[in-house]
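Residue 1 is where the sequence shown starts when you use my numbering, and the numbers rise one by one after that.
One should not assume that every hint holds.
Each computed BS3-like pair below joins lysine-lysine, with the alpha-carbon atoms no more than 25 Å apart [unchecked claim]:
#1 Lys132 / Lys40
#2 Lys132 / Lys105
#3 Lys40 / Lys105
Derived by calculation from the structure, the hints in this document are not laboratory data.
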Amino acid sequence: MTPEEITAGTAHLSMIDSALAAIILRVGPCALVPDTDPFKALARAIIGQQVSIHAAAAIWGRFESLCGPGSGVTPASVTTVAVEELRSAGLSGAKARYVHDLSAKFLDGTIEFGRLDSMTDEEIIMHLTQVKGVGRWTAEMFLIFSLGRSDILPVDDLGLLAAVHRAYETDQRPAPSVVGEMGEQWRPWRSLATWYLWQSLKLAPLNSGS
Numbered sequence: 001m002t003p004e005e006i007t008a009g010t011a012h013l014s015m016i017d018s019a020l021a022a023i024i025l026r027v028g029p030c031a032l033v034p035d036t037d038p039f040k041a042l043a044r045a046i047i048g049q050q051v052s053i054h055a056a057a058a059i060w061g062r063f064e065s066l067c068g069p070g071s072g073v074t075p076a077s078v079t080t081v082a083v084e085e086l087r088s089a090g091l092s093g094a095k096a097r098y099v100h101d102l103s104a105k106f107l108d109g110t111i112e113f114g115r116l117d118s119m120t121d122e123e124i125i126m127h128l129t130q131v132k133g134v135g136r137w138t139a140e141m142f143l144i145f146s147l148g149r150s151d152i153l154p155v156d157d158l159g160l161l162a163a164v165h166r167a168y169e170t171d172q173r174p175a176p177s178v179v180g181e182m183g184e185q186w187r188p189w190r191s192l193a194t195w196y197l198w199q200s201l202k203l204a205p206l207n208s209g210s
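Please model the entire structure based on the sequences and the hints provided.
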């Protein structure tokens, strides 16, 4: 998303959704900056599956030290590090095999990153899920954080579900299908709505006295 698109998107969301308008006002300008290295973005997404943000950052730091000292993490550099060594950085055995498979498919051209800009969101999700360990959620994170696609709603993301529960004061954490229905009003800026809802979890509750 360009700065102009972000401005248009936040204006639209603020106009049609009062809960989001309050969050946008408190969070401030969107700081979503796409990661321009697609391989690293997908590797980060795989490593970040089912762990906290802090744990993912720590594991990534150790992974980077193993696979990219000096020149940085690349598909070729990852393939030179054995699964057991990757596990020493904190990756599970499965995740270590997944990043190896990602590296191999990047190197042999199975995943054609040069074509992604011309593909629809759903086409990209189908294309990326050829990689072991890359499911819909991981592909959606890539669409938001690497490609900057504007209309992604990752309804299976636990952080998003928790944020909706808190922001809209629902009786319980909503089902993904319910969030999907709610998100229809946010089109074509569902990625932006998602980002702001994620950020809202960092805010103190309004009734906390803060």
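Cross-check of the supplied hints:
The straight-line distance between the Cα atoms of Lys132 and Lys40 is roughly 16 Å, inside the 25 Å bound, and the hint therefore holds. Proximity of Lys132 to Lys105 is assessed by CA-CA distance (about 10 Å); at most 25 Å being required, the pair is judged to hold. For a cut-off of 25 Å, the pair hint linking Lys40 to Lys105 stands: about 14 Å separates their Cα positions.
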